[in-house]
Amino acid sequence: ETGVTQSPTHLIKTRGQQVTLRCSSQSGHNTVSWYQQALGQGPQFIFQYYREEENGRGNFPPRFSGLQFPNYSSELNVNALELDDSALYLCASSSGDRRNTGELFFGEGSRLTVL
Amino acid sequence: AQSVTQLGSHVSVSEGALVLLRCNYSSSVPPYLFWYVQYPNQGLQLLLKYTSAATLVKGINGFEAEFKKSETSFHLTKPSAHMSDAAEYFCAVSYNTNAGKSTFGDGTTLTVKP
Chain A
1 ETGVTQSPTH
11 LIKTRGQQVT
21 LRCSSQSGHN
31 TVSWYQQALG
41 QGPQFIFQYY
51 REEENGRGNF
61 PPRFSGLQFP
71 NYSSELNVNA
81 LELDDSALYL
91 CASSSGDRRN
101 TGELFFGEGS
111 RLTVL
Chain B
1001 AQSVTQLGSH
1011 VSVSEGALVL
1021 LRCNYSSSVP
1031 PYLFWYVQYP
1041 NQGLQLLLKY
1051 TSAATLVKGI
1061 NGFEAEFKKS
1071 ETSFHLTKPS
1081 AHMSDAAEYF
1091 CAVSYNTNAG
1101 KSTFGDGTTL
1111 TVKP
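If you're matching them up, the sequences are chains A and B in order.
First residue of the first sequence? That's 1 in my numbering, and the numbers climb one at a time after it.
First residue of the second sequence? That's 1001 in my numbering, and the numbers climb one at a time after it.
Hints may contain errors.
Chain A side only, calculated, beta carbon under 10 Å to chain B, not exhaustive [as the list claims (entries may be wrong)]:
{"#": "1", "residue": "Q37"}
{"#": "2", "residue": "G40"}
{"#": "3", "residue": "G42"}
{"#": "4", "residue": "C91"}
{"#": "5", "residue": "F105"}
{"#": "6", "residue": "G107"}
{"#": "7", "residue": "E108"}
Simulated restraints on C-beta separations [said to hold, decoys possible]:
{"#": "8", "chain 1": "A", "residue 1": "E52", "chain 2": "B", "residue 2": "A1053", "range": "29 to 35 Å"}
{"#": "9", "chain 1": "A", "residue 1": "P70", "chain 2": "B", "residue 2": "Y1095", "range": "28 to 34 Å"}
{"#": "10", "chain 1": "A", "residue 1": "N77", "chain 2": "B", "residue 2": "D1106", "range": "24 to 30 Å"}
Simulated from the structure, these hints should not be mistaken for laboratory data.
For every residue, glycine included, the Cβ atom is placed at its ideal position computed from N, Cα and C.
For reference, chain A alone in the conformation it holds in the complex (with noise of 0.2 Å):
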């Protein structure tokens, strides 16, 4: 069973630029969710996919953006960087359908840092 990955591990950039970070999700899992998590805070919700549509969104600027593939993986976009979007990226698949067992599988997360 192939667990969650995520590209690049670590990756600078600077204001105004734009980023993409991928994610693959587990064998089976057709349900990918993208989290921010700011140093020294909790993990914030930004937004869901479900079957390559968006399924829920956090409280995100729209220059935050997403895709889902027909093999589940996703990415997540950010458009016109600035200072506060260094954060590490999380991305969490988990099964949308009757398999639901309400758990989440983590990547490793992507380091952006805006400079």
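Put chain B on the given structure of chain A with help from the hints.
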């Protein structure tokens, strides 16, 4: 709306001592509650979950938590701390088993002294 408050951002215990990490929640509907552990430079791992069945929930690594509706609490305990328990712990709440939309607390860092 739902929220989570973790009392105490840092907790320090001696090896072999009782571990108690506190979590209080607010939810407008019956909650589903979770505890996660995060080791340095890693993602989060589920320790245990409450999904409206038994109020005393047992998890991995000897941890357990008790759901107390009257106190809106879901405190995490372990009878005897081990050095390997040192990590950051997060309490989370969701309004159904779609844990992907959970609201997390700010975390408690557990230090275990030899």
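Right, here's what the structure says about each hint:
1. Q37: It holds, given that the least Cβ distance between Q37 (chain A) and chain B is near 8 Å, below 10 Å.
2. G40: This hint holds: G40 (chain A) lies near chain B, its Cβ roughly 7 Å from the closest one there, short of 10 Å.
3. G42: Hint on G42 (chain A): holds, closest Cβ of chain B at ~4 Å, below 10 Å.
4. C91: With a minimum Cβ separation of about 8 Å from chain B (threshold 10 Å), the hint on C91 (chain A) holds.
5. F105: holds, 8 Å
6. G107: holds, 5 Å
7. E108: Since the shortest Cβ distance to chain B is 5 Å, the answer is holds.
8. A:E52 x B:A1053: 29 to 35 Å: holds, 32 Å
9. A:P70 x B:Y1095: 28 to 34 Å: Holds, at about 29 Å.
10. A:N77 x B:D1106: 24 to 30 Å: Holds, since N77 (chain A) and D1106 (chain B) (Cβ atoms, about 27 Å apart) stay within the stated range.
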